[in-house]
Amino acid sequence: MNGPSLSGLFLRFCLFSLMAVGGATALVPEMHRQVVDLHGWMSSADFATLFAIAQAAPGPNVLFVSLIGWKLAGIPGALVCTLGMCLPSALLAFTVGRLWDRFRHSTWRMAIERGLAPITIGLVLGSGCLLVQATGTRGPLLVIAALSALLSFRSKLNPLWWLAGAALLGGVGLLS
Amino acid sequence: MPHARRMLVEDRRWLDDRQFTELLSLGQTLPGPNILNMAVVIGARFHGWLGSVLAALGLLSAPLVIVLSLATLYGRFAHSARLIQILAAVAAAAAGLVLATGGRLATRMDRDAGSIFILVVAFLANFWLRLPLLGILLVLGPLSIGLAWRRLRREQRTQGGAP
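If you're matching them up, the sequences are chains D and A in order.
Those letters in the first sequence? Residues 43 to 218, by the working numbering.
Those letters in the second sequence? Residues 341 to 503, by the working numbering.
FYI, nobody ran anything at the bench for these hints, they're computed from the structure.
There could be a bad hint or two in this list.
Said to hold, decoys possible - For the chain A half of the interface with chain D, some residues (derived, Cβ under 10 angstroms), not all of them:
1. R352
2. R353
3. F360
4. E362
5. Q368
6. N374
7. V407
8. A429
9. V430
10. A435
11. L445
12. I456
13. L492
Claimed, not checked - Chain D is nowhere near these chain A residues, computed Cβ spacing over 12 angstroms in every case:
14. L348
15. D357
16. E495
The model shown is predicted, which means the values in this text are computed figures rather than measured ones.
Just so you know, even glycine gets a beta-carbon here, dropped at the ideal spot from N, CA and C.
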């Protein structure tokens with residue numbers, strides 16, 4: 043297995059940064075496509091596990107990207123991927139933030155926001171389905187995914203409870 | 341995000357509610373991690389580019405250390421059968437959470453035929469056909485923004501016509 047170079051990773055994640063409409067979650071299938079399907083740098087199950095660790099840990103969910111980098115090239119990989127993912131969009135936000143007052147009420151700004159929404163949602167739902175698939179389609183896991191989707195959709199409880207509940211079920215061996 | 345709102349608006353009073361909502365919509369309109377976009381803009385508003393850099397570092401550095409420590413632990417114990425089972429269960433639940441996020445966002449979007457069509461095409465192209473995201477965005481982005489623009493103009497015209 044030939045790993046990626048650090049500069050290659052940086053450029054790849056710079057491009058991801060500008061494609062992350064509506065946030066990092068929308069990028070999951072594209073990252074999977076490149077990292078697992080195209081290059082075979084990790085298995086689909088590893089990918090799903092790293093996502094789970096990022097969700098369970100405190101902090102913004104963009105840190106999933108850091109874990110991908112960590113898996114591919116250790117701590118330097120984590121730093122390079124995180125920087126690549128954050129820098130271009132942060133520069134854009136910095137620039138636009140200064141002009142924001144001028145755009146705030148323009149029809150174009152509202153059109154961009156409302157036009158991107160259905161794309162973001164389609165991508166996020168795609169991310170969810172892909173992660174279910176990557177975790178493995180054994181019956182008990184599908185039940186857990188469905189339950190967690192339903193419970194967190196319906197209730198306002200901190201979603202960490204559902205992750206903790208799942209960990210417990212896995213830990214006592216109910217899934218084997 | 342609710343936590344960020346409580347800290348910025350209620351505890352520290354750095355922003356009022358209206359400013360917070362505006363910055364949130366900025367963070368969501370632009371690409372990239374929403375909360376990081378907000379941090380950069382808030383930092384810049386108070387202390388220029390240095391404020392942005394510090395806000396971004398403050399937001400990311402501690403969680404980054406934690407998540408990498410967890411990953412290192414995982415790397416050390418990855419062969420344990422029990423840990424594999426636990427993580428598979430957590431991964432399934434995490435996937436469920438993402439589906440719920442998508443569902444919750446969907447209850448808040450415009451639900452005309454055009455938007456739903458775009459949503460379905462984005463989903464199928466991305467998940468089922470596994471097409472490159474860049475292509476999906478370049479085709480669907482302008483189309484969907486154009487449709488939204490037409491909707492907005494129509495709404496503005498009907499509002500303008502009413503007394």
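Exercise. In ascending order, which of the hints set out earlier in this document are inconsistent with the structure?
Worked result: 1, 2, 3, 16
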